[in-house]
Amino acid sequence: MSDTPKRTALYDLHCALSGKMVDFAGWEMPVQYPMGIMAEHQHCREKAALFDVSHMGQVLLHGPNAAEKLEALVPAALSTLPVGKARYTFFTNETGGIMDDLIVSNAGDHLFLVVNASMRAQDIPHMKAHLKDIEISEIFDRSLIAVQGPSAQDVVTGHCPQAADLNFMQTCEALIDGALCRISRLGYTGEDGYEISIPEADAERITRLMLDHPDCVPAGLGARDSLRLEAGLCLYGNDITPETSPIEAGLNWAIQKRRREEGGFPGAARIMAEFEQGAARKLVGIMPQGRAPARAGVEIHDLHGNAIGEITSGGFGPTVQGPVAMGYVKADHSAPGQELHLIIRGKPQPATVCALPFVPQNYKR
Amino acid sequence: MTTYYSEEHEWITVEGDAATIGITAHAAEQLGDIVFVDQKEEGDEFESGDEIGVIESVKAASEIFAPVDGEIIAANELLQSNPAALNENPEADAWIYKVKLSDPAQLEGLMDLAGYKTFIA
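Protein chains in written order, with the numbering used here: chain A, 12 to 376; chain B, 66 to 186.
No lab work stands behind these hints, which were simulated from the structure alone.
Note that the structure is a prediction, hence the values are computed from the model and not measured.
In this text, a Cβ means the ideal position worked out from N, Cα and C, and glycines have one as well.
Check each hint, because a few of them may be wrong.
Claimed, not checked - Using C-beta positions, here's what the derived DEER-type ranges look like: (1) Glu153(B) <-> Lys268(A): 51 to 59 Å; (2) Leu314(A) <-> Glu107(B): 24 to 32 Å; (3) Pro169(B) <-> Pro253(A): 49 to 57 Å; (4) Glu128(B) <-> Lys143(A): 38 to 46 Å.
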């Protein structure tokens with residue numbers, strides 16, 4: 012593998028907008044623009060923000076019964092997923108851990124998948140090894156942008172009227188300024204919005220069109236992370252890993268009834284047992300009572316000094332206007348209102364378990 | 066009154082053995098939106114290179130390293146009520162500590178403004 016980070020088709024635009032570029036999962040991506048993470052985050056909650064997420068893997072699955080076959084690798088019900096609908100799911104391993112999370116869309120004659128940038132190299136061979144008679148093709152010539160926030164519909168429909176007809180987790184193909192794009196009403200900020208897959212040759216032009224809207228500003232990975240954290244959404248590699256089960260992570264809702272009754276996905280024995288009996292530890296929202304952010308790796312103690320878990324994501328929530336975190340705790344300490352201590356720089360700091368999300372979700376149902 | 070600069074992006078303004086320590090505008094800009102400052106307390110003694118506090122931005126936590134030996138005389142309370150002051154005015158109102166120097170000769174190892182400007186260029 013090359014050490015030189017890859018660039019998306021929007022690299023020149025990021026530089027023109029004075030984005031601060033960092034290496035992320037092997038990609039040179041903007042962490043923020045001159046506006047700053049805090050303001051970009053607030054702008055997304057109040058109006059709209061545009062993110063380049065082209066580093067994520069876009070994959071097409073063609074072949075008979077592709078949805079049914081993919082069910083052998085993920086615990087979501089896909090064979091019944093209607094055309095034009097998207098669903099959140101995750102690849103599980105034999106021990107019931109999570110190998111990656113992804114979005115699967117039924118695009119009619121094929122499935123459209125979006126996987127994490129850092130997991131592309133794992134997921135494609137994993138699918139190729141297990142899905143017989145399915146053509147698995149990774150797309151390298153399309154960009155992916157996310158337009159998120161309460162004004163997102165206004166921003167996108169100006170160039171694509173069909174976008175207004177989509178509800179949350181619906182997807183369609185449509186022309187934007189002459190380019191055939193896939194538009195999906197979803198995202199990872201907790202806000203209404205779209206992810207748009209665009210032919211690379213058209214990506215910068217269409218992105219600039221969106222940014223021409225007075226409500227839409229470019230935002231970087233920094234704001235993307237604080238937005239998803241406030242929305243209580245899991246970050247792969249932090250909050251969900253090959254060692255954490257979906258039940259521990261509170262992702263029960265993503266395992267539809269038929270799948271949890273029938274199983275038939277890797278690690279089903281553990282996951283189904285935990286579904287019935289509960290997991291020994293649980294991912295919870297944690298609000299520090301002081302002002303100090305608690306970041307990933309901070310140890311969680313009960314009030315008697317016993318270690319009961321660890322923070323997996325944490326930082327400052329610009330909308331909450333205070334520190335917010337997620338972490339795993341023993342199940343008997345996971346109820347909202349539970350008082351805890353976070354060991355920050357050696358000192359116990361009081362914190363409280365709270366219900367997720369920290370900021371109400373604002374999806375268009 | 067003379068101001069010196071460290072490679073850790075602190076400024077230190079000195080008058081006799083009394084000094085004020087803060088971070089440079091360049092450092093504040095690099096850190097981004099500052100949301101919390103963990104400060105040491107009055108009376109705490111430190112040596113050059115010791116961690117004497119942590120600045121938390123939206124992005125990450127960054128330590129403050131002592132540029133010289135000394136003792137903390139006061140920690141700026143403004144930073145507890147308004148940590149963002151460090152973004153707005155890091156080289157004036159948003160100083161971090163007033164300190165008493167143990168060995169003013171150590172200042173010789175620091176940079177002047179021109180040296181610091183070259184350092185960050």
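Evaluation of the provided hints:
Checked against the hint of 51 to 59 Å, the pair glutamate 153(B) and lysine 268(A) passes, with Cβ atoms roughly 54 Å apart. Between leucine 314(A) and glutamate 107(B), the C-beta spacing of about 29 Å keeps the proposed range 24 to 32 Å intact. Distance hint check for proline 169(B) and proline 253(A): the Cβ-Cβ separation is about 55 Å, which falls inside the suggested range of 49 to 57 Å. Between glutamate 128(B) and lysine 143(A) the beta carbon distance is about 54 Å. The supplied range of 38 to 46 Å is therefore violated.
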